[in-house]
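Residue numbers (our numbering), protein chains in the order written: chain G, 1 to 346; chain W, 1 to 593.
It is worth saying that the hints were derived from the structure and are not from the lab.
Remember, it's a predicted structure, so these values are computed and weren't measured experimentally.
The beta carbon of each residue, even a glycine, is placed where N, CA and C say it ideally should be.
Careful: at least some of the hints might be erroneous.
With the Cβ distance kept under 10 Å, some of the chain G side facing chain W (calculated, not the full set) [stated by the list, open to error]:
(1) Tyr264
(2) Val267
(3) Asn275
(4) Ala277
(5) Val289
Derived DEER-like restraints, expressed as beta-carbon distance ranges [what the hints assert, rightly or not]:
(6) G/Arg23 with W/Lys135: 39 to 45 Å
(7) W/Pro87 with G/Ser107: 42 to 48 Å
(8) G/Val289 with W/Leu197: 32 to 38 Å
(9) W/Glu198 with G/Ala210: 55 to 61 Å
(10) W/Lys9 with G/Lys171: 55 to 61 Å
(11) G/Arg28 with W/Gln265: 37 to 43 Å
(12) W/His322 with G/Arg24: 39 to 45 Å
(13) G/Arg23 with W/Ala6: 29 to 35 Å
(14) G/Val289 with W/Lys82: 30 to 36 Å
(15) G/Tyr330 with W/His322: 24 to 30 Å
(16) G/Arg28 with W/His344: 45 to 51 Å
Each chain, letter by letter, is given below.
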Amino acid sequence: MQQQQQPAAKELHSNQLAMQVVRRLSKRLQKRQQAESGATAADLIQMVRREAVACAGRDPVDAVSQNACRRVLKILREEAVHSLGASAQLLSSLQNNLFSERPIDYSQVKADSLRDAVSAAIKELSLELETSLDDLRSHGAAHIGENEVVLTLGYSHSVARVLQTAAATRKFQVIVCDSGPNFSGSRMLQLLKTVPQIDASLITDAHAFAVMSRVHRCLLSAQTVFADGGLRAECGTHGLLLAAKRHSVPVLVCTPAHKLAPAYHSVERANVYLNPACLLEENLSFAEVHCPKYDLVPPGLVTLFVTNLGGLAPAHLHRCLAEQYHQDDYSIDAGEADGDAGVLDD
Amino acid sequence: SMSKPADEKDLVQAVVLADSFNSRFAPVARSLPRALFPLAGVPLIDYALNCLADAGVHECIVYCRSHYKSLASHLASSPQSKRFATPPVVRNARQPLGDAIRDLDQSRLIKNDFILAPADLVTNANLAELLAEHKRRRVKDANCLLTLVMRSTTGGFNASALMQAQERSFIAVSNADTGCLRMLSPAGMDKLGRIRLERAALLSCGRSRLWTGLIDLGLAVCSVHVPPRFTDEFDYRSLDDLVRGVLEHEEILGHTVSLHVLGGQEYACRVSNMNLYALVTRHLLDNWVYPMTPASMSGSRAATEHQVRQRNVYVSRLASVHRSARLEKSVLIGPGAQVGSGCHLVNCVIGSNCRVGDRTRLSDCYLWPGAVVSSDCNISRSLLCHNSTVLDDSQLTDRCVLTHGVRVGPSVVLTNCRLIVRSGRSEDSASTDEEVKQQLGKDSNAAVYKSAYSDRRDEAGDSDADSGPENDEDSVELEIWQTTLMADNVEYLSSESDSSSEAGNEVPPAEVGEDHFKRELLDVLQRAEQDKHPVDTMVVEINSIKHAFCVHIDRLKAILAYTILLYPLLKCEKDDESEDCQVEITPAEHFSQ
Numbered sequence: 001m002q003q004q005q006q007p008a009a010k011e012l013h014s015n016q017l018a019m020q021v022v023r024r025l026s027k028r029l030q031k032r033q034q035a036e037s038g039a040t041a042a043d044l045i046q047m048v049r050r051e052a053v054a055c056a057g058r059d060p061v062d063a064v065s066q067n068a069c070r071r072v073l074k075i076l077r078e079e080a081v082h083s084l085g086a087s088a089q090l091l092s093s094l095q096n097n098l099f100s101e102r103p104i105d106y107s108q109v110k111a112d113s114l115r116d117a118v119s120a121a122i123k124e125l126s127l128e129l130e131t132s133l134d135d136l137r138s139h140g141a142a143h144i145g146e147n148e149v150v151l152t153l154g155y156s157h158s159v160a161r162v163l164q165t166a167a168a169t170r171k172f173q174v175i176v177c178d179s180g181p182n183f184s185g186s187r188m189l190q191l192l193k194t195v196p197q198i199d200a201s202l203i204t205d206a207h208a209f210a211v212m213s214r215v216h217r218c219l220l221s222a223q224t225v226f227a228d229g230g231l232r233a234e235c236g237t238h239g240l241l242l243a244a245k246r247h248s249v250p251v252l253v254c255t256p257a258h259k260l261a262p263a264y265h266s267v268e269r270a271n272v273y274l275n276p277a278c279l280l281e282e283n284l285s286f287a288e289v290h291c292p293k294y295d296l297v298p299p300g301l302v303t304l305f306v307t308n309l310g311g312l313a314p315a316h317l318h319r320c321l322a323e324q325y326h327q328d329d330y331s332i333d334a335g336e337a338d339g340d341a342g343v344l345d346d
Numbered sequence: 001s002m003s004k005p006a007d008e009k010d011l012v013q014a015v016v017l018a019d020s021f022n023s024r025f026a027p028v029a030r031s032l033p034r035a036l037f038p039l040a041g042v043p044l045i046d047y048a049l050n051c052l053a054d055a056g057v058h059e060c061i062v063y064c065r066s067h068y069k070s071l072a073s074h075l076a077s078s079p080q081s082k083r084f085a086t087p088p089v090v091r092n093a094r095q096p097l098g099d100a101i102r103d104l105d106q107s108r109l110i111k112n113d114f115i116l117a118p119a120d121l122v123t124n125a126n127l128a129e130l131l132a133e134h135k136r137r138r139v140k141d142a143n144c145l146l147t148l149v150m151r152s153t154t155g156g157f158n159a160s161a162l163m164q165a166q167e168r169s170f171i172a173v174s175n176a177d178t179g180c181l182r183m184l185s186p187a188g189m190d191k192l193g194r195i196r197l198e199r200a201a202l203l204s205c206g207r208s209r210l211w212t213g214l215i216d217l218g219l220a221v222c223s224v225h226v227p228p229r230f231t232d233e234f235d236y237r238s239l240d241d242l243v244r245g246v247l248e249h250e251e252i253l254g255h256t257v258s259l260h261v262l263g264g265q266e267y268a269c270r271v272s273n274m275n276l277y278a279l280v281t282r283h284l285l286d287n288w289v290y291p292m293t294p295a296s297m298s299g300s301r302a303a304t305e306h307q308v309r310q311r312n313v314y315v316s317r318l319a320s321v322h323r324s325a326r327l328e329k330s331v332l333i334g335p336g337a338q339v340g341s342g343c344h345l346v347n348c349v350i351g352s353n354c355r356v357g358d359r360t361r362l363s364d365c366y367l368w369p370g371a372v373v374s375s376d377c378n379i380s381r382s383l384l385c386h387n388s389t390v391l392d393d394s395q396l397t398d399r400c401v402l403t404h405g406v407r408v409g410p411s412v413v414l415t416n417c418r419l420i421v422r423s424g425r426s427e428d429s430a431s432t433d434e435e436v437k438q439q440l441g442k443d444s445n446a447a448v449y450k451s452a453y454s455d456r457r458d459e460a461g462d463s464d465a466d467s468g469p470e471n472d473e474d475s476v477e478l479e480i481w482q483t484t485l486m487a488d489n490v491e492y493l494s495s496e497s498d499s500s501s502e503a504g505n506e507v508p509p510a511e512v513g514e515d516h517f518k519r520e521l522l523d524v525l526q527r528a529e530q531d532k533h534p535v536d537t538m539v540v541e542i543n544s545i546k547h548a549f550c551v552h553i554d555r556l557k558a559i560l561a562y563t564i565l566l567y568p569l570l571k572c573e574k575d576d577e578s579e580d581c582q583v584e585i586t587p588a589e590h591f592s593q
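Put together the whole structure using the sequences plus the hints.
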């Protein structure tokens with residue numbers, strides 16, 4: 001089957017994926033600016049929005065590509081406003097939106113004038129994406145203390161790097177939950193066994209509640225972070241977080257900022273369903289077997305989001321969102337109104 | 001799509017047979033070939049093409065017998081066919097598989113080992129791996145003619161749903177190390193739960209492995225020598241013939257057949273009758289054929305086409321579903337469809353541009369594009385073909401099939417395997433108008449299907465339409481839904497194996513011709529006693545009447561023993577000499593031959 005059906009097998013880290021998208025967009029922007037002399041900022045913005053829709057179409061679960069498009073849109077809009085002059089800049093601030101009479105007209109701005117500023121900004125963005133994991137590592141490692149017991153689930157590149165960085169200066173113990181049915185936890189265990197300062201052990205998902213009283217911290221990763229603090233994470237995370245809440249264990253979610261999506265959590269969000277045969281070999285006609293790849297974790301269960309920009313409390317996610325994306329780009333739908341509530345058309 | 005490889009040795013070819021040459025879907029398949037039946041909104045042949053394209057096939061040759069034009073036009077426009085290096089080619093074949101492969105041989109299209117698949121196969125198996133394995137096997141053993149691919153159902157004789165819906169299943173014995181096939185026979189248990197195995201097959205095999213409950217997929221990886229073999233043996237008509245021929249004449253020609261059994265996570269099934277159509281649709285919706293999901297199969301803009309909700313509900317973004325409609329589970333709603341208020345849908349496929357009225361309950365039913373169901377209906381386990389209409393307040397339960405353009409009237413109740421066709425179009429006898437109006441509603445334009453060619457129907461019953469219309473219709477519809485054919489098979493086999501049960505275990509059923517045989521046998525014994533024949537002469541005589549009456553050797557032993565014990569009693573009655581007569585029964589050594 002085509003690549004879109006096995007996103008895990010891609011083995012591209014999220015920041016690499018985001019960088020790919022940004023590179024592609026910058027090339028297209030350049031081409032567009034060269035080809036069409038009369039192109040305005042509105043045209044460019046429209047083009048990037050269409051690309052975002054196409055990304056959602058290719059893989060509804062993947063929010064990183066869309067977020068990368070949103071970052072580029074933010075750059076475009078900012079630079080356009082900048083070139084429109086001081087009055088427009090005044091209009092675009094949050095308070096003044098209430099009193100402004102007309103919205104900012106992007107078709108006034110010529111694309112040529114934006115070219116240098118936009119390319120410089122995109123270079124900065126690429127650099128930020130490239131170093132996001134390193135920044136994340138250093139911020140995350142600060143949260144782990146000496147001789148603490150850390151619980152994690154499955155295999156995650158970010159969490160593995162955080163633990164390795166922390167192990168450089170202190171000793172601690174890590175308990176890994178193997179998450180079925182692909183048992184990625186064993187992969188994490190193999191990796192952690194090579195690190196001398198970490199005392200790693202493997203437990204089943206079901207055992208997590210039992211050991212939770214001994215755990216100091218939960219360190220997890222997510223595939224997507226929603227704007228209200230909900231998560232789309234590996235299957236088994238929801239149960240783990242409920243156990244952590246019950247025992248009042250702080251939960252840290254290590255995600256780079258480009259995984260933050262401006263949509264709200266909902267159980268109707270896109271999810272990938274794998275072959276039920278990996279759970280149950282014989283397809284019994286009376287049984288309904290579902291094998292979802294991701295858990296949609298409701299908000300309120302995470303203590304702190306550790307991002308490459310630093311620690312972020314769930315209540316302040318909206319501020320990070322506002323810095324990263326422009327308000328008009330929060331919803332990019334496929335052109336057809338959906339019945340469900342939700343800002344992002346997954 | 002990929003490009004043709006430069007080296008001809010790397011060219012991967014596949015042959016798809018788009019005609020199954022049986023009439024399981026009879027009235028429906030008259031206007032639409034089975035390969036183009038929509039299964040979860042996608043024509044059936046697209047599933048096979050998808051699987052082949054994933055396996056890296058460059059070239060595809062499709063054989064069909066009828067509906068050549070519609071198949072060709074579909075292949076020209078289907079998104080699946082664009083994935084091949086050259087678009088699939090349609091060719092005509094009059095007869096089943098045999099003629100198709102002979103045509104292949106004549107036209108010299110085949111350059112390498114090729115994959116042979118039926119068009120109605122739905123599978124997510126890794127065919128590329130199968131092909132590679134076959135090539136490796138050929139390198140080791142150049143005599144391997146083909147690799148037959150079958151699917152095993154777990155649990156042995158505990159029939160899973162797939163097994164139950166099949167027409168027949170197989171038992172095979174193959175070499176555990178090389179996979180070389182030694183024996184393949186249709187399976188069936190007798191009343192005591194036993195199966196037949198051939199000793200020769202087991203003895204000649206090295207380390208053998210017994211497979212039970214195999215399902216025939218019609219899928220095989222054939223070597224380049226298969227087409228010439230078909231040309232030589234002009235009476236081969238199907239893959240079964242080839243396999244049987246190879247197994248029987250192994251010593252002469254030295255070819256072998258290998259068996260590859262799919263199991264576990266690999267799903268494979270042929271949609272060869274109505275029950276299987278329903279079952280495979282359900283499995284497809286429930287994600288068992290991952291990574292082929294209804295969302296991914298539905299065209300080029302696949303991922304945006306359907307909104308996937310919980311419990312396997314796929315709703316096209318171009319469909320309009322009322323807010324109060326309850327889509328419970330495993331529902332697929334195609335583009336342009338409309339579902340009214342208060343509906344309740346469970347396990348359904350609503351094709352494109354269908355309309356479902358208000359307060360309708362649909363369960364286990366399949367609506368093809370253009371079908372219309374009005375308000376307050378209750379439809380379960382039925383198939384509504386293109387542009388068929390069900391008017392208000394009707395109930396269709398338990399395996400009704402409405403063919404193209406049929407309109408079934410308001411407030412009608414149809415149960416139990418009714419096949420409804422358009423009246424005036426079918427060449428079969430239609431009921432009188434009053435009956436139609438009463439059965440099918442006053443606004444209908446339909447008639448109940450009575451097949452003129454039913455295997456079960458006697459010649460006498462044909463003219464006498466009144467005596468058993470219910471039975472005959474039932475038999476036709478049951479044949480189409482394949483509910484009783486499996487039981488029949490078992491019965492047939494059990495009567496044969498009954499005769500081989502140990503004498504004395506159960507009383508062998510007496511047959512009409514056997515009395516005659518017993519009398520002949522008595523005559524032989526009488527003559528032998530009178531004329532003092534030696535034992536050898538008696539044996540020759542008994543053997544000759546055995547062949548004349550076509551009696552099985554085991555039956556002969558039973559009847560002979562019985563007759564020999566009976567003979568002196570009869571003699572006593574005839575002679576009427578004394579009360580106690582003693583007859584010496586010579587020891588068994590005379591009959592040990």
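Requested in this report: May I ask which of the numbered hints given earlier this structure violates, with the numbers listed in increasing order?
Outcome: Violated hint (a single one): 1; every other hint is consistent with the structure.
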